[in-house]
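4 protein chains.
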Amino acid sequence: MDVGFIGLGHMGSGMARNLIKAGHRVRVWNRSWAASEDLGRDGAEVVAAPGEAFDADAVITMLSADDVVREVILDQGLLAGAHRGLVHVVSSTISVAFAQELERAHEAAGIGYVAAPVLGRPDVAAAGELNILVAGRPDAVARVQPLLDALGKRIWPIGDQPHLANLAKLACNFTLASAIETMAEAFALARRYDLDPQILMEVLTGSLFAAPAYKTYGPMIVEQRYEPANFKLPLGLKDVRLALEAGEAVGAPLPFASVLRDNFIDAIGHGDRDKDWSAIAAVAARRAGLEAGR
Amino acid sequence: MDVGFIGLGHMGSGMARNLIKAGHRVRVWNRSWAASEDLGRDGAEVVAAPGEAFDADAVITMLSADDVVREVILDQGLLAGAHRGLVHVVSSTISVAFAQELERAHEAAGIGYVAAPVLGRPDVAAAGELNILVAGRPDAVARVQPLLDALGKRIWPIGDQPHLANLAKLACNFTLASAIETMAEAFALARRYDLDPQILMEVLTGSLFAAPAYKTYGPMIVEQRYEPANFKLPLGLKDVRLALEAGEAVGAPLPFASVLRDNFIDAIGHGDRDKDWSAIAAVAARRAGLEAGR
Amino acid sequence: MDVGFIGLGHMGSGMARNLIKAGHRVRVWNRSWAASEDLGRDGAEVVAAPGEAFDADAVITMLSADDVVREVILDQGLLAGAHRGLVHVVSSTISVAFAQELERAHEAAGIGYVAAPVLGRPDVAAAGELNILVAGRPDAVARVQPLLDALGKRIWPIGDQPHLANLAKLACNFTLASAIETMAEAFALARRYDLDPQILMEVLTGSLFAAPAYKTYGPMIVEQRYEPANFKLPLGLKDVRLALEAGEAVGAPLPFASVLRDNFIDAIGHGDRDKDWSAIAAVAARRAGLEAGR
Amino acid sequence: MDVGFIGLGHMGSGMARNLIKAGHRVRVWNRSWAASEDLGRDGAEVVAAPGEAFDADAVITMLSADDVVREVILDQGLLAGAHRGLVHVVSSTISVAFAQELERAHEAAGIGYVAAPVLGRPDVAAAGELNILVAGRPDAVARVQPLLDALGKRIWPIGDQPHLANLAKLACNFTLASAIETMAEAFALARRYDLDPQILMEVLTGSLFAAPAYKTYGPMIVEQRYEPANFKLPLGLKDVRLALEAGEAVGAPLPFASVLRDNFIDAIGHGDRDKDWSAIAAVAARRAGLEAGR
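Going down the list, the protein sequences come from chains Y, D, G and R. Residues -17 to 276 in my numbering are what the first sequence spells out, letter by letter. Residues -17 to 276 in my numbering are what the second sequence spells out, letter by letter. Residues -17 to 276 in my numbering are what the third sequence spells out, letter by letter. Residues -17 to 276 in my numbering are what the fourth sequence spells out, letter by letter.
Take these hints with a grain of salt, some might be off.
Since the list gives no way to pick out one identical chain from another, each pair is judged satisfied if it fits inside one copy or across any two copies.
[Said to hold, decoys possible] 20 Å max Cα-Cα, derived SDA-like pairs, lysine to any residue:
hint, residue 1, residue 2
1, K220, V232
2, K197, R103
3, K135, G188
4, K220, E230
5, K214, P194
6, K220, E53
7, K214, V232
8, K214, E230
9, K135, E184
10, K197, T187
11, K257, P104
12, K257, V232
13, K220, G(-9)
14, K214, H(-8)
15, K135, T187
16, K135, P194
17, K257, A231
18, K197, N113
19, K135, S189
20, K257, E230
If you're looking for bench data, these hints aren't it; they were derived computationally from the structure. On a predicted model such as this, the values are computed, not experimentally measured, just so you know.
Okay, chain Y solo, but in the shape it has when bound:
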């Protein structure tokens, strides 16, 4: 297929490469030129304006947040200028409210719209092994299926309404953050009793919690190894905040998310802005009177 790709960050660049590998013709645009050039060397056609990426069968947007998507896509009138056969796939993790606004905007412009937020870190994206949460009208989803197949190992259909895929993504990240906080509290408690948290972690991941979430983050918390960051604290705070806002919009309080929000703020306020989001575990340790490394 002829596909545009907007947003070549840590996640997007690997995703765009997988489209090229799968034989698609890919036009890329990114705000900073360097990332575009890299993709150019790997076979992408580098375009000078995001609107040119919209001149395709489908265009995938992988920008970092609501305001960036708004600025690059909506404010520049790209939807109005797009041809009717286009399907726009938005893989960004955005707020549910903005996702609903995007639905209406695409509807008004008469072009296809599929939400396809992804689960997985940059290395998983590069390997084409993402879990992709997909929602949109069946015909629009069907048209971009070959692209999704190139990007992920598993496609999870969430339904006809695109914003529900964004909601599901936020719920997944909230579940992850809760698992991290739970281990943080449990391991801090263990350490105060001189119980090696490694033992506790092995029990958990060897029995009821034998899952990637615990196996990935458990060792990081045990070893207090929060760098290099795969997903930084402010991004974690953003996603928890978006979950809270989604709850606020429908009258659903999320008390665990409120505790998480407090702890992300505590962690960032203590200078850990550039560390992995699992560094909220330092908050539980600090509150328990454990100094780093102790």
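Got chain Y sorted already, so can you dock chains D, G and R onto it with the hints?
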């Protein structure tokens, strides 16, 4: 081996049967006579007083809580009357403070003491498939190893200090309760957006959370199926309270556990005392304005 | 003085009338015409566009929220068009971040800027008895002092930086909301023990808590009398949210505010949107198993 | 009257002196002899055993906690040995559950029982200016009225059931702790914006919060002056814990109390055990990235 067994509740009766099946000579005592008789029919020797169960190579106690263990074991002077070669295995989920008191009492009485709390529901106990957290002096643990092998599929050595096994058990149950609450909040949020929580549950358990904890409790919460109870709400509240008390004793705040405590109280106060502890999910649903069954 | 007044809601209309009574020449503008006409009958000059209210010695803005202030003032370029001698007094309860933006905008436009958020309900505003938190450059504050004197019984100088008055206002409302929630929990607890909360309220307001906050809201919670609303639940949620955002911006977690936010959402989600913000007390009662009126 | 007094700590010694000053004949007993001797010099009759203090028209107990009252009064059989005309006034801050047990024990022994917990610090007790929460059967209360009049400036009748006075006392201390935490969060937020918390405190205590609770604790938090302690952190934690337990017993969650409990634990764990309970304010400051004294 010649082994005594005290406490033939839902868990204990299955455990005692597995000891008989493994060829051990088992003397049982229980407060209500009916359970003892059942075991008698299955090959156990029924004794009239708990002290007689202590006349063995080892004795296993599987009573429900601190005060029951105190009443049956300590208050009746069983430790003082026991012979020096005995090893006492306490599998009850008890407080860390009481576990420390038991350590001192056994030390003073000069008899062996092993803490061996278990992970698993009654059906798992009956199948001899428990995960057992074991802590105690190596020689004491070694002597009861054949018994532990008959009870569990996996033995997790936690160290030399018995109370750390109890701490680890509480940490496991806290982690479970947190996973339940997290799903409760996430699924209530999903339902308010008319996103079928079944879809969200499948994404979680099919990707980052492919673990027994989520696969067991996820469907119960999605289907709001909290009966029959495998582990009732007041028992969940008890374990969360014990985790909080363990934290208080060493200066470790556990904010997630505090939220859990509030929600267990809310759930029990709303008449769900006899439901499975996953019924705390009804609290998140109720607070989100979702009535049961909606 | 020659003074413009923008925003004639429940608070603003009483404030504008007090300026007229004090002998000032007042030009008013409001989005809906009816409120302007009322003021016109009381001696105000009604103008057709907000820009005309800026043609004065000073202009007071009492609009409801950030986005309204942005739309009416900033987006229409009123600052750029204003004469240099003008002082703009913003009495709205706005976010700290937006207050900082307004500071910069007025600085850039070269006109005076004073933040003067108020404490008090509409009847207090009508009586000219408000507490006014005032911050801004001393010369700017000095010029509008006669206006402030006409509006409030007490002026609290907060300093030179206008946004600190907004921060202080949010802190006051957070303190109020906390007092309400505290009584809500305490009275729900009392009711579950069949202790008349009226007795508890009298003890509190007759001893350590003999202050307007408790004397105003205590009886409302005891009597579960949440209508008519002086300050509606969504406004309370807004202010708590603004306090949380102010904390997030500087790395200060506010766990009480997080609990309040959850409870405001719970209350609004249960249909109490048009009730007084003290109706968050219904959340504590409901969670304690108390039905309304019981 | 002929009155016994048991428990001559910081509060009790001042209270006993006021009974002497009022002309009553006072027999005192205390676990450590020194305090008794002091009272002896001031006119009390020092007795050698608590039972001798029960040989009176009324006896007042001012011991520190449930377990001490149990040990000194119940375990030694003092109720069984008391004469029928006696009224026992318990002024200790005890748990609601234990208060209910005491009610039953006095009923069974056929002697009068009045709960009379007090509000006020040692200097207030010494001045006879306490607020006293009184509950019990009217005839029993009437008989000890002269004693209560000598101890407090104001007597608050709470009803016929003694344990409700204890519940009310816990509710008062919970309300106080909440006010402290609220100021702690608000002032930490202010400090992060370089707003002098003194200014904010003056606004609060000069307007809606012009009450002793805020005027007493506000300056302590602003000045971070937590020593000397009038009421130490572990006592604050005890009372919050008792409020939580009272809620748990009737199914009433108290989310603010849960946050308070976490913060008291945090504070005590950070070495502030001997500081005033207002030192939980150091937790909010620390979490906001403010070091002591900054």
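For each hint, the structure was consulted:
For a Cα distance limit of 20 Å, the shortest separation of K220 from V232 qualifies both inside one copy, at 19 Å, and across copies, at 15 Å. In this assembly of identical chains, the alpha carbons of K197 and R103 lie at most 20 Å apart only when taken from the same copy (15 Å versus 24 Å across copies). For the homomeric pair K135 and G188, the shortest alpha-carbon distance between copies (12 Å) is at most 20 Å, but the shortest distance inside one copy (25 Å) is not. When the C-alpha separation of K220 and E230 is checked against a cutoff of 20 Å, the pair qualifies both within a copy, at 15 Å, and between copies, at 11 Å.
Only within a single protomer do K214 and P194 lie at most 20 Å apart by alpha-carbon distance; the minimum there is 19 Å, versus 29 Å between protomers. Within a single copy, K220 and E53 get their C-alpha atoms as close as 18 Å, which meets the 20 Å cut-off; across copies the closest is 26 Å, which misses it. Taking CA atoms no more than 20 Å apart as the test, K214 paired with V232 passes between copies only; the shortest distance there is 18 Å, against 28 Å inside one copy. In this assembly of identical chains, the alpha carbons of K214 and E230 lie at most 20 Å apart only when taken from different copies (16 Å versus 25 Å within one copy).
For the homomeric pair K135 and E184, the shortest alpha-carbon distance between copies (15 Å) is at most 20 Å, but the shortest distance inside one copy (28 Å) is not. Proximity of K197 to T187 under the C-alpha cut-off of 20 Å is found in both arrangements, the shortest distances being 6 Å within a copy and 14 Å between copies. In this homomeric assembly, K257 and P104 come within 20 Å of each other (Cα to Cα) only inside a single copy, at 16 Å, whereas the closest approach across copies is 43 Å. In this assembly of identical chains, the alpha carbons of K257 and V232 lie at most 20 Å apart only when taken from different copies (18 Å versus 32 Å within one copy).
When the C-alpha separation of K220 and G(-9) is checked against a cutoff of 20 Å, the pair qualifies only within one copy, where the shortest distance is 17 Å, while the shortest distance between copies is 35 Å. For the identical chains of this complex, K214 and H(-8) are intra-copy neighbours only, at 12 Å inside a copy versus 45 Å across copies, given an alpha-carbon limit of 20 Å. Taking the shortest alpha-carbon separations for K135 and T187, only the inter-copy value of 16 Å comes in at or below 20 Å, while the best intra-copy value is 24 Å. Taking the closest pair of Cα atoms, K135 and P194 come within 20 Å of each other only inside a single copy of the chain (15 Å); across copies the shortest separation is 23 Å, beyond that limit.
In this assembly of identical chains, K257 and A231 lie within 20 Å of each other by CA distance solely across copies; the values are 18 Å between and 30 Å within a copy. Taking the closest pair of Cα atoms, K197 and N113 come within 20 Å of each other both inside a single copy (17 Å) and across two copies (18 Å). In this assembly of identical chains, the alpha carbons of K135 and S189 lie at most 20 Å apart only when taken from different copies (11 Å versus 26 Å within one copy). When the C-alpha separation of K257 and E230 is checked against a cutoff of 20 Å, the pair qualifies only between copies, where the shortest distance is 17 Å, while the shortest distance within a copy is 28 Å.
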